[in-house]
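Participant: Chain by chain, the residues:
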Amino acid sequence: MIRLLGVELTRLRWRRAVVALLVLAIVVPALIAASRIWATRPVSQDELDTVARQNAGQIAQCVKHPNRYGVRGPDAMAEQRCTDTIVGWYTGRERMSFLSERLGGSGMGVVAVLTALLLLAATTFVGHDWNSGSMSNQLLFEPRRGRIWAAKAIAVTLVAGVLAVIVSTAYWLGIWATISVRDLPTAPGALGDSLAYGLRGAGYATAATLGGYALTMLFRSTVATIGVLFGVVVAGGIVIAALSLGEQWQPQKNVSAIVKNGTMYYVDLPEACGGPQVAPDVDCNGLKELPLWRGAAYYGVPLLIVGAGSVLSFRRRDVP
Amino acid sequence: MPELVIETTGLRKEFSTRRGRRIAVDQLDLAVPAGGVHGFLGPNGSGKTTTIRMLLGLARATAGEMRLFGEPVPHRLPSVIGRIGAVVESPKFSPHFSGRQNLTLLARSIGAPTTAVDAAVDTVGLTGRDKDRFKSYSLGMKQRLAIAATLLKEPQLLILDEPTNGLDPAGIREIRETIRGLGESGVTVLLSSHILAEVQQVCTSATIIGRGRMLASGPVDELVGTSTAYRVAAPDPDAASRVLTEAGFTVRDGLLVETSDPAAVTRALGGAGIWLTELTPVRRDLESVFLELTSGTEMGASE
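Going line by line, the protein sequences match chains A and B.
The opening residue of the first sequence carries number 47 in our numbering; numbering runs sequentially from there.
The opening residue of the second sequence carries number 4 in our numbering; numbering runs sequentially from there.
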């Protein structure tokens, strides 16, 4: 088994398309981190002076009529207040914090990028074995199909897991380093929470990679796998909307539940909540928690089904 | 009873198609003795490749039993696969890897050393091109690489499905010599081929199948010798033909007499006062046997 795993890791390393996707899985999160660092950079004195110069007319108007600009005055400090206010309008920039990175788009963005690229790498890797027909050649040397399936699965999961953990950890350490350099305040335990967030995201991306691999072994084609995944996303959205299922059934909500260690979702309140007297047994809390385990089950159950189907199919079906 | 390397009993394979079930192999009893080169002949769609694929665990048999080296397969295939080298249909390798990379991956999967790759590449004459991508190879080079892959295991049984496809005449001759040499060295070779002259030259025994069923099997000499004819020449061919027909012989055009008893021909003609000027045995070749047995069986059987 170890020998087969070594073979699959070598095969993976030699596949240029797969390596390119793995490199992208490093580069794109690095670009996201760079863009966040750039977008939250402190405003320099030069920048402030430039903006003040460029808006000198507006500042002068403000000094004349401070009330129009919501500035106190007129008095001796009016010019300074007007300058601060107007320059602030044009240089207002978000301050970097762990919380905003976790709640905002960048943390989830890194998870989404890792998931998409690693899943694509897995399906490209094994789809090639089917497209080229080399799968049958491999079976002529190792006819125990379960072992072949497992060796390939472990190879893609191992590579995806290690890469996802390294990239996620590096991302959050990069954010931490930036916050430290900028001497910004952080909540106690914020770094640990963010690293745990990153690890959960890496776990999700790794599981998705395994799912992509299992689907490709089932459908025996990269294109078919991508098509099916696309179809499931589109059809799933339509089904959820058509059946008026709650927000807790939305795929992205369940990803949030996994990555954020639980998340909140809204539910429609029963009509009884609108009346003057509400019975004690009526739940009028419109905000519910979607715990991590529910998100994990949402994705875990289909993953198990697809995995089992993939193994059974590979063991039983004729190989072209 | 010689030791059988390949043995199938009542082997059957059905495929489900949109037009119903198609029987690719039907009650096939195949017996390949150890040593020598065994030809496996049949027209397109007769079930040769399907049989080979079932033996190698690539396809599941619908019914029947198979044994390789006496071990039931596919159940015990892992215990014997190390003794079997096989090329099934067209060579299937990763097109983006070089020939050497493809062989290296296969060698590593069975724990064969790198020197085995070097030796295999050298044996099939791919040295110098082994580091080129597989997709840049000609069909002949691809076939050579496939044969090189079978040699990684130092097999006792070689299953070759149309191994000379795409090779140039020199390549065909080279592969033919290699196969003959392997057969003489004790390796059992199952050679599936359409080139009947090749089979007749190389094989010691053969099985002919059509519509998934076995039509004939045995040593090549016996297969071609089961119906020997004699070409007869006499001063008056018409009279000779008339006499032989009246004596109960089957006489075809050109005074070709089908019989296994040439003395009876001379007796019949001598008794009628016709003296032979020539009596030449005309042995059928494998091609004529093959065409005779498989006429009307070009397409796969179906129901």
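Any given hint might turn out to be false.
To be verified - From the structure, some residues in chain A lie toward chain B, with a derived Cβ separation under 8 Å: (1) R49; (2) L50; (3) T56; (4) R59; (5) T86; (6) E188; (7) G283.
Honestly, the hints are just simulated from the structure, not real lab data.
For each residue, glycine too, the CB sits at the ideal point set by N, CA and C.
Participant: All hints, please: hold or fail.
Facilitator: How the hints compare with the structure:
1. R49: holds, 6 Å
2. L50: holds, 6 Å
3. T56: Since the shortest Cβ distance to chain B is 6 Å, the answer is holds.
4. R59: Not OK, violated: R59/A not within 8 Å of chain B, min 11 Å.
5. T86: Check failed: Cβ of T86/A comes no nearer than 42 Å to chain B, outside 8 Å.
6. E188: Check passed: Cβ of E188/A comes within 6 Å of chain B, closer than 8 Å.
7. G283: Interface hint status for G283/A: violated (33 Å vs cutoff 8 Å).
Figure legend: structure checked against the earlier numbered hints; hints not met, in rising order: 4, 5, 7.
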